[in-house]
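Under my numbering, the first residue of the sequence shown is numbered 44, with each subsequent residue one higher.
Worth flagging that the hints you see were computed from the coordinates, not collected in a lab. Note that CB positions come from ideal geometry on N, CA and C, so glycine has one too. Do not take every clue at face value.
DSS-like cross-link-like pairs, simulated, lysine-lysine; straight-line CA separation at most 30 Å [claimed, not checked]: (1) 87 / 113; (2) 131 / 113; (3) 66 / 113; (4) 66 / 87; (5) 121 / 70; (6) 131 / 119.
Derived DEER-like restraints, expressed as beta-carbon distance ranges [what the hints assert, rightly or not]: (7) 123 / 58: 17 to 23 Å; (8) 63 / 90: 16 to 22 Å; (9) 57 / 130: 26 to 32 Å; (10) 71 / 119: 27 to 33 Å; (11) 131 / 86: 16 to 22 Å; (12) 85 / 59: 26 to 32 Å; (13) 86 / 123: 16 to 22 Å; (14) 112 / 82: 27 to 33 Å; (15) 120 / 72: 15 to 21 Å; (16) 57 / 109: 17 to 23 Å.
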Amino acid sequence: QALAIFDRQLSIGDQITFTLALKACTKLNDYQYGIRIHQQLSLKAIEDPYLQTSLIHFYMQCHNIDQADKIFSTMKNKTVYAYGTMFK
44 QALAIFDRQL SIGDQITFTL ALKACTKLND YQYGIRIHQQ LSLKAIEDPY
94 LQTSLIHFYM QCHNIDQADK IFSTMKNKTV YAYGTMFK
């Protein structure tokens, strides 16, 4: 249901929408949908540390450590949460 709401909100795409959709993808192990969200964030050039940490968490849970590391490495403002997510 969260992903259906995300589809409707895609044009608005605020931080809360993206975060909730990423959490749903992580819980459902929906790797393809998570990649789609990542693409939307890239298109919108969103560099919010909280969203980037959510992406790192998603990729770590999907066992794509290389992609998680790539996002972490390009973060301009690394937070304690980002470091913690990388080391889980």
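Results for each hint:
| no. | hint | verdict |
| --- | --- | --- |
| 1 | 87 / 113 | 18 Å, holds |
| 2 | 131 / 113 | 16 Å, holds |
| 3 | 66 / 113 | 20 Å, holds |
| 4 | 66 / 87 | 19 Å, holds |
| 5 | 121 / 70 | 24 Å, holds |
| 6 | 131 / 119 | 21 Å, holds |
| 7 | 123 / 58: 17 to 23 Å | 19 Å, holds |
| 8 | 63 / 90: 16 to 22 Å | 19 Å, holds |
| 9 | 57 / 130: 26 to 32 Å | 29 Å, holds |
| 10 | 71 / 119: 27 to 33 Å | 30 Å, holds |
| 11 | 131 / 86: 16 to 22 Å | 28 Å, violated |
| 12 | 85 / 59: 26 to 32 Å | 19 Å, violated |
| 13 | 86 / 123: 16 to 22 Å | 28 Å, violated |
| 14 | 112 / 82: 27 to 33 Å | 19 Å, violated |
| 15 | 120 / 72: 15 to 21 Å | 29 Å, violated |
| 16 | 57 / 109: 17 to 23 Å | 29 Å, violated |
Of the numbered hints listed earlier, those contradicted by the structure are 11, 12, 13, 14, 15, 16.
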